[in-house]
Amino acid sequence: MLLARRFICQGGHQFTKMADAVQSSTPRRPGVGIGVLVTDSTQPGCVLLGKRKSLVGKGAYQLPGGHLEFGETWEQCAQREVMEEAGIQLKNIHYVSVVNSIKLEENYHYVTIIMQGEVDRAFTSEPVNMEPEKNEGWMWRLWEDFPPEEQLFLPLANLRQQGFQLFGNRGKDLM
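Under the working numbering, think of the first position of the sequence shown as -9, with each following residue one higher.
Simulated from the structure, these hints should not be mistaken for lab results. Each hint should be verified, as a subset may be incorrect.
Straight-line alpha carbon distances no greater than 20 Å define the calculated SDA-like cross-link-like pairs of lysine to any residue that follow [unchecked claim]: (1) LYS41 <-> PRO137; (2) LYS81 <-> GLN33; (3) LYS124 <-> GLY49.
Listed next, with one range per pair, are the computed distances between beta-carbon atoms [unchecked claim]: (4) LEU132 <-> GLN152: 30 to 40 Å; (5) GLU140 <-> LYS81: 30 to 40 Å; (6) GLU126 <-> ARG19: 26 to 36 Å; (7) GLU59 <-> LYS81: 19 to 29 Å.
For clarity, every value in this text was computed on a predicted model and none was experimentally measured. Cβ coordinates follow ideal geometry from the N, Cα and C atoms, glycine included.
Take the sequences, apply the hints, and build the full model.
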């Protein structure tokens, strides 16, 4: 029995070493995220913005969004993330752009798919801050009166740098 325990301990230790070696030799890959431009017929020309509390991008303005889950469509992810973060049901969800955001000094590299969805007033009214530990709160902000780019979370800043016009060129990718 002692011999079997020793083998299990040694084998487990070797397995851990092997897993560490594989992990350290695996190339790093960017994350894949979804950012959602939430619009509302009662807030013409506006999108929903929050202010980040997370370590990466703390204090920057952000869109609702998050990680794309395995097996999830972009539309499903957009709906799920907006519901989880702001308690809003969306309709007419569609793709509008993609950004490749890299900030090596912050160990940040994400490909962010930008979607747009309208508030479905049949289900929800106003946004609610569902994740107060991650976000200061939600506000409607005129697209043409956004905070300066240096105050935007990197994917949103990249979208603005592309010259993307939400209310002028729907569905057009300006890469």
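Against the structure, the hints come out as follows:
Under the criterion of a C-alpha separation no larger than 20 Å, the hint pairing LYS41 with PRO137 is consistent with the structure, at around 11 Å. Using a Cα cut-off of 20 Å, the hinted pair LYS81 and GLN33 holds, with the two alpha carbons roughly 15 Å apart. For the hint linking LYS124 to GLY49, the alpha-carbon distance of about 10 Å falls within 20 Å, and the restraint holds. Under the hint 30 to 40 Å, the C-beta atoms of LEU132 and GLN152, about 19 Å apart, miss the expected range.
At about 33 Å, the beta-carbon gap between GLU140 and LYS81 stays in the expected band of 30 to 40 Å. For the pair GLU126 and ARG19, the supplied restraint of 26 to 36 Å holds, since their beta-carbon distance comes to about 30 Å. Look at GLU59 against LYS81: about 21 Å separates their beta carbons, and that is inside 19 to 29 Å.
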